[in-house]
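> Assemble chain B onto chain A, guided by the hints.
Number of protein chains: 2
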Amino acid sequence: MKALVVVCDGLADRPVKTLGRRTPLEAADTPHLDELAERGITGIVDPVAPGIRAGSDTSHLAILGYDPCKVYTGRGPFEAAGMGIELREGDIAWRCNFATVDKNLVVEDRRAGRIEDTSELIDALRSIRLEGVEVKLASLAYRCALVFRGKGLSHMVSDTDPHATGVKVHPAQPLDNSAEARRTAQLLEEFSKRAHEILEKHEVNTRRRKHGLPPANYLLARGAGVVPTLEDFHRRYRMRGACIATTAIIKGIARLAGMKVIEAEKDYIARAKQALLALEDVDFLLMNIKEADEAGHDHSPERKVEVIEAIDAMVGEFLDFAEENYVVVMSDHTTPCSVGDHTGDVVPVLIAGPEVRTDEVTQFNERACAKGGLNRIRGMDIMPILLDLLNKSEKFGA
Amino acid sequence: MKALVVVCDGLADRPVKTLGRRTPLEAADTPHLDELAERGITGIVDPVAPGIRAGSDTSHLAILGYDPCKVYTGRGPFEAAGMGIELREGDIAWRCNFATVDKNLVVEDRRAGRIEDTSELIDALRSIRLEGVEVKLASLAYRCALVFRGKGLSHMVSDTDPHATGVKVHPAQPLDNSAEARRTAQLLEEFSKRAHEILEKHEVNTRRRKHGLPPANYLLARGAGVVPTLEDFHRRYRMRGACIATTAIIKGIARLAGMKVIEAEKDYIARAKQALLALEDVDFLLMNIKEADEAGHDHSPERKVEVIEAIDAMVGEFLDFAEENYVVVMSDHTTPCSVGDHTGDVVPVLIAGPEVRTDEVTQFNERACAKGGLNRIRGMDIMPILLDLLNKSEKFGA
Numbered sequence: 000m001k002a003l004v005v006v007c008d009g010l011a012d013r014p015v016k017t018l019g020r021r022t023p024l025e026a027a028d029t030p031h032l033d034e035l036a037e038r039g040i041t042g043i044v045d046p047v048a049p050g051i052r053a054g055s056d057t058s059h060l061a062i063l064g065y066d067p068c069k070v071y072t073g074r075g076p077f078e079a080a081g082m083g084i085e086l087r088e089g090d091i092a093w094r095c096n097f098a099t100v101d102k103n104l105v106v107e108d109r110r111a112g113r114i115e116d117t118s119e120l121i122d123a124l125r126s127i128r129l130e131g132v133e134v135k136l137a138s139l140a141y142r143c144a145l146v147f148r149g150k151g152l153s154h155m156v157s158d159t160d161p162h163a164t165g166v167k168v169h170p171a172q173p174l175d176n177s178a179e180a181r182r183t184a185q186l187l188e189e190f191s192k193r194a195h196e197i198l199e200k201h202e203v204n205t206r207r208r209k210h211g212l213p214p215a216n217y218l219l220a221r222g223a224g225v226v227p228t229l230e231d232f233h234r235r236y237r238m239r240g241a242c243i244a245t246t247a248i249i250k251g252i253a254r255l256a257g258m259k260v261i262e263a264e265k266d267y268i269a270r271a272k273q274a275l276l277a278l279e280d281v282d283f284l285l286m287n288i289k290e291a292d293e294a295g296h297d298h299s300p301e302r303k304v305e306v307i308e309a310i311d312a313m314v315g316e317f318l319d320f321a322e323e324n325y326v327v328v329m330s331d332h333t334t335p336c337s338v339g340d341h342t343g344d345v346v347p348v349l350i351a352g353p354e355v356r357t358d359e360v361t362q363f364n365e366r367a368c369a370k371g372g373l374n375r376i377r378g379m380d381i382m383p384i385l386l387d388l389l390n391k392s393e394k395f396g397a
Numbered sequence: 000m001k002a003l004v005v006v007c008d009g010l011a012d013r014p015v016k017t018l019g020r021r022t023p024l025e026a027a028d029t030p031h032l033d034e035l036a037e038r039g040i041t042g043i044v045d046p047v048a049p050g051i052r053a054g055s056d057t058s059h060l061a062i063l064g065y066d067p068c069k070v071y072t073g074r075g076p077f078e079a080a081g082m083g084i085e086l087r088e089g090d091i092a093w094r095c096n097f098a099t100v101d102k103n104l105v106v107e108d109r110r111a112g113r114i115e116d117t118s119e120l121i122d123a124l125r126s127i128r129l130e131g132v133e134v135k136l137a138s139l140a141y142r143c144a145l146v147f148r149g150k151g152l153s154h155m156v157s158d159t160d161p162h163a164t165g166v167k168v169h170p171a172q173p174l175d176n177s178a179e180a181r182r183t184a185q186l187l188e189e190f191s192k193r194a195h196e197i198l199e200k201h202e203v204n205t206r207r208r209k210h211g212l213p214p215a216n217y218l219l220a221r222g223a224g225v226v227p228t229l230e231d232f233h234r235r236y237r238m239r240g241a242c243i244a245t246t247a248i249i250k251g252i253a254r255l256a257g258m259k260v261i262e263a264e265k266d267y268i269a270r271a272k273q274a275l276l277a278l279e280d281v282d283f284l285l286m287n288i289k290e291a292d293e294a295g296h297d298h299s300p301e302r303k304v305e306v307i308e309a310i311d312a313m314v315g316e317f318l319d320f321a322e323e324n325y326v327v328v329m330s331d332h333t334t335p336c337s338v339g340d341h342t343g344d345v346v347p348v349l350i351a352g353p354e355v356r357t358d359e360v361t362q363f364n365e366r367a368c369a370k371g372g373l374n375r376i377r378g379m380d381i382m383p384i385l386l387d388l389l390n391k392s393e394k395f396g397a
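Residue numbers (numbering that gives the first Met the number 0), protein chains in the order written: chain A, 0 to 397; chain B, 0 to 397.
Okay, chain A solo, but in the shape it has when bound (with noise of 0.2 Å):
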């Protein structure tokens, strides 16, 4: 028996009133995830716990038992793992952004026109040498991470980012009164300085000018981290694991888990068969499927409606799968097209397989589920239920 745990990003979502007072899974035609439904056992889901806003890095880390509370100290070393970037335990990582400032340092554009290659910035930014820290870097477009390797750093820095245009960049201060902050925020200015130098007069940002481009010349920086050790997937659950997905953040966590990261394919029928394709390798496999999230934000619950019938045409292909194995669906946080992010409501799930006490729920929605069998459970009881399920749990007493 293996597992599928299909996590659909930011589905879930509060009433909508031009959806007649339903969310976009309740008005959605989702026949194949309504069979599921009521193939399986169903509940609602506290990402992390009752009220608390998850991010998707948070709530993942729940929903594969890594208590968020204790590993996750901010968004960069996920987001550095999930770029790339081979991390120890300790480095301090930041996720960044290639900006657009003027002279004065005011922000024109947080991601600098969505600037597509930033592979020869990042070869020169490399050249920057700080005392007695390594630096690490890796980008994709316009996003970036920055890890600082070395001994008396700490992760308690605030954001250079101030999240807006028209604003100045921040500057890096301390978090806490520890010389370790006071020395990292040092460094990060340092950093940022020197590559702003650099990229202010760096011949892709020449020719950009000259294109009526805006220059990539700043690197705004965020959600500082410090990098845990998350014990390794196979020790941990004796279960080969992969990982399916698009964002930067997720991969990251599977690999800093140890599993298996395999980029998602766009089409979704063509992630179904890449994920049956992937379980004929590994014991289970988590799925992140990113879009109905975006729909949220843009506070769109038509496209949101049509993300999540395009889901149920890909959860159609995992109904045979789901005779002889587990597979479960759920979100991994609201995020309600009102709100356009998330929020702290609890999440539908359901569990699918061979051996679960079914429950009367016939549909896979937020309401449908708050009657489920399940009744309401946390992320971090998805991994132990599982792993009951399939038989694989030590037992506790005698």
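Simulated from the structure, these hints should not be mistaken for laboratory data. No false leads were mixed into what you were given.
Result set (EDC-like, lysine to aspartate or glutamate): computed pairs, CA atoms no more than 16 Å apart in a straight line:
| no. | chain 1 | residue 1 | chain 2 | residue 2 |
| --- | --- | --- | --- | --- |
| 1 | A | Lys16 | B | Glu354 |
| 2 | A | Lys16 | B | Glu323 |
| 3 | B | Lys391 | A | Asp340 |
| 4 | B | Lys370 | A | Glu359 |
| 5 | B | Lys200 | B | Glu119 |
| 6 | B | Lys370 | A | Asp358 |
| 7 | A | Lys16 | B | Glu322 |
| 8 | B | Lys394 | A | Asp340 |
| 9 | A | Lys102 | A | Glu196 |
| 10 | A | Lys370 | B | Glu359 |
Relative to the frame of chain A, chain B by itself:
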């Protein structure tokens, strides 16, 4: 958007034979509570944890998001704050009763004939000086609060109140082996003895004896607790908070949390108007409605039904408010009329407001709400869930 939390003290009950095996809340006619249940999401709450018999104090602390397991050591501090004593972290406080004892210190009346004016007696007691300790006192009729301020004190001291009549006053005894507990017990003994001497010959009591009234000649102390620091409500939640209550202990909790405290009107409709007026100035209002608990303590299901119907009329005034804001109605603990004291049963809760995921529950009572969309939560979950609905939560993760 604002939030109103109506906590109906001791509202919840167990099925009552004389009410046809219904609870008072099931038996009462509650069209407004039912309307809010229908418009909202419902559930059941363990005020502290399953089966734990919460006091009103520990439950209200949990509902306000202050972990009673961390901040609560006894009722004394909350009573003292509620009676208006200015407290500092580390003060030791007791709830006391003016009582009547005979020559052998046997308790004849634990409330000294419910004596109404104790202000002269309290003034006389203020003359007591203890070595190395500042003594503070306040009273409200037979109820009194006693505070010791100083170094080397402990709350680990037994009650001098025997909680019964016909029994001798108990000696204050240390409850652990610390020097602080031994010293505090000695100081309480000394204070009690000197208080008895002063009260015994006070002219107020001479007059009472003359009129055949029991003298208020002893202060029975109970519920020693150390004053905790509750993080300021406004700082913690970025909401201005207020509390409408009648009982000192609830006012004390609100006061220690830095909330505005408003004495509740007697009439229920007047109280509703008070609440709506208060909500013009604050973002969050907690209302404690005491009367159902009293009916429970008095073993009177009929009286409880009457109180509930009066509460329902009051809640009717909040129906419009709940269109654009969030209203929570719940009980802080169960006070079954059969038991006459608090029990650890779950209590019903409803949350009504613009974006809740409604459920199919159309009645507000213990058994109907057990089928609600919130499923089973805890007292400490209320604030996070509410903050999330108000879109005031910080995100944990990215």
